[in-house]
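A.B. asks: Reassemble the complex: the two chains are provided individually, in unrelated frames, and hints are given to aid placement.
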Amino acid sequence: MPAIDAWLMLSGTIFTVGLVGVIIRRNMITVLMCIELMLNAVNINLVAFSHRLGSLEGQVFTIFIITVAAGEAAVGLAIIIQLYRLRSSINVDEARELNG
Amino acid sequence: MEQLTASMPLIVFVMIGTVAVASSILVVAMRNPVHSALFLLLTFLCVAVLFVMQKAEFVGAVQVLVYAGGIMVLFLFVVMLINVRHLPDERVLSNFWKGGFLVGIAVFALFVTLVRPGVYHDENANKSKLSTVRDRVVINSTKHPGSVGHKRVTRHNVNSEAVADALYTDYLVPFEVASLFLLVAMIGAIVIGKRELSAIEEETAPDYMLARVETEREVKEAMNAGN
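Residue numbers (my numbering), protein chains in the order written: chain E, 61 to 160; chain S, 55 to 281.
Next up, chain S with everything else stripped away, as it sits in the complex (with noise of 0.2 Å):
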């Protein structure tokens, strides 16, 4: 019994690992863009699993949250709108799919070289230090009565704020940076993804948005006007 409980983060790896390569290859084997979506699903929360195993609680929730959650909703999404009926003859790989089968196995042997067993040892490093924050709390001095003193006391198993604690203090700068990158990206998005109305639709589109172009129009007349 106690074997069998040694050896469960192996056992647990190789079924996980398992899976996720499996439909991460389905991801690319699989002719309708839905199928493959679906599999990427599968394949992320296996990875957010292995990120669990290794002391990385934070990391595998936001997987799960972004990943999972959020790019996965917007890859259906995307699928369902442009809605592309594809004919059961056509061909699905590009025309240099004998050259990428071929960077593949090339690129698999260099992994396979550089990743020898025995290549990376195993070190005994101090692992204590991915979920342990250490506290500044103030307490009544012992020495001097009335007056305070700080103490130091340490807590472990809290990845979260192990975590938040490095992004806010030693990454606060890539941190902003992060959040102005995902401003940026939006309006990007926004901008490039959203339609003019062309004077073909404008007999096919509905009366509200007929009426917002109008408005729109009105609007700018008016501040010409006003220059």
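Chain E with its partners taken away, still in its complex shape (with noise of 0.2 Å):
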């Protein structure tokens, strides 16, 4: 079995493209999978650290996260919706009513 750091890089690395994915694409919809694979990292770390102090608790926190990630989708879908029938595109860059 490997060791824990070997998942914890793992799972660091996933996030790392995760969060650059976040930062740089315009599509919103390629966002949204974006900050699914950060949670998915943050999960594999909660598994590993499950597994590694043999106590059940990272498993039930990781179960609330799909959960939440589940919500998440669906909210963050129906608003890309409504912004593209609003816009006709799903640009990040093109919604910017709000800023100051």
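Be aware that one or more of the hints could be misleading.
[Stated by the list, open to error] Taking beta-carbon pairs under 7 Å as the criterion, some of the chain E residues facing chain S (in silico):
#: 1; residue: P62
#: 2; residue: G72
#: 3; residue: I83
#: 4; residue: N87
#: 5; residue: H111
#: 6; residue: L116
#: 7; residue: T122
#: 8; residue: T127
[To be verified] Restraint ranges, calculated between C-beta atoms of paired labels, are given here:
#: 9; chain 1: E; residue 1: E157; chain 2: S; residue 2: N137; range: 20 to 26 Å
#: 10; chain 1: E; residue 1: E157; chain 2: S; residue 2: V146; range: 19 to 25 Å
#: 11; chain 1: S; residue 1: V238; chain 2: E; residue 2: E157; range: 24 to 30 Å
#: 12; chain 1: E; residue 1: E157; chain 2: S; residue 2: E230; range: 36 to 42 Å
Everything labelled a hint here was simulated from the structure, so no lab data went into it. Computed from a predicted model, the values in this text were never measured in an experiment. Note that the Cβ used here is the ideal one computed from N, Cα and C, for glycine as well.
C.D. replies: Spelled out as structure tokens, the structure:
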């Protein structure tokens, strides 16, 4: 079994990729997908520590995170659909009515 | 042969981990959102394999069902629904992509400094707790014939039951709050996503939709008249 640092590095790498994707992409759907990537990286971390410490808490919290991710995806995609109806575009930098 | 069996988890970890990282990079790199969604699916499946490797079979199954089954379908559905046409020369990156890469490098450097090899020692923790439940079983008492007693029976390799045990005892309140959260998220998604018929669309809207709008208006008027 790989050591705990290998799992942490893997999850850190996926988290970084998701973070970079959230910042650099213009397509709002891809940004939402990158947020799901980051949540998944956190799940890897929690399950790895659950396995290392031999306690179930990590797995229970992973289930809660999956629940929150499902709700977040549903509401986020509804917002994207409504924005597309309003502006015929889902680029992040074109929705700028709220900036100051 | 024994050596190969012993190093098998490491081989699987390296292979699946490589695929997971590569496909997550491709999620960010693909122009077409459909391709991104399919690579995201691949990442989710790899992560599910990694969960199963760490005695988290139930979480792995939930990962496949909820993420790969539910959320991916939702994403693909929305991608097909809004049907954005991208011009070939359209920019994919936002204006501050340089800053994004800088932040990425900084965060990755932070992770590398935090997770140096040897910082975390692998303890020999009792890993049997992850998949063990203790049942209270009714037995016939041996001391007093005719009466019943209780006995604790430990069962192993039942990860789903262990997780369920924790969810329905120690984490009952968060569990119920999560169900309430899902209800609120569902109502919110419906309310935000539903379309109001505008005057322009009424000409092109199908008849049954117009009939429904008409019925709603009549019901509202009747209620107002009643008040």
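A.B. asks: None of the hints should be skipped; say for each whether it holds.
C.D. replies: Against the structure, the hints come out as follows:
1. The interface hint given for P62 (chain E) holds, since its Cβ lies 5 Å from the closest Cβ of chain S, which is under the 7 Å cut-off.
2. A distance limit of 7 Å between C-beta atoms decides the matter here; for G72 (chain E) the minimum to chain S is near 3 Å, and the interface restraint holds.
3. Because the smallest distance between the Cβ of I83 (chain E) and any Cβ of chain S comes to about 3 Å, under 7 Å, the interface hint for this residue holds.
4. For N87 (chain E), the suggested interface contact is upheld, since its CB lies about 6 Å from the closest CB of chain S, less than 7 Å.
5. Given the 7 Å rule on beta carbons, the hint for H111 (chain E) holds: about 4 Å separates it from the nearest Cβ of chain S.
6. For L116 (chain E), the suggested interface contact is upheld, since its CB lies about 5 Å from the closest CB of chain S, less than 7 Å.
7. Nearest Cβ of chain S to the Cβ of T122 (chain E): about 5 Å, under the 7 Å cut. The hint holds.
8. Taken as an interface hint, T127 (chain E) checks out: its beta carbon lies about 5 Å from the nearest beta carbon of chain S, inside 7 Å.
9. For E157 (chain E) and N137 (chain S), the Cβ-Cβ distance of about 24 Å falls inside the hinted range of 20 to 26 Å, so the restraint holds.
10. Take E157 (chain E) and V146 (chain S): their Cβ atoms lie about 23 Å apart, and the range 19 to 25 Å holds.
11. In this structure, V238 (chain S) and E157 (chain E) meet the distance hint of 24 to 30 Å, their C-beta atoms being roughly 26 Å apart.
12. Take E157 (chain E) and E230 (chain S): their Cβ atoms lie about 38 Å apart, and the range 36 to 42 Å holds.
The earlier numbered hints are all upheld by this structure, with none contradicted.
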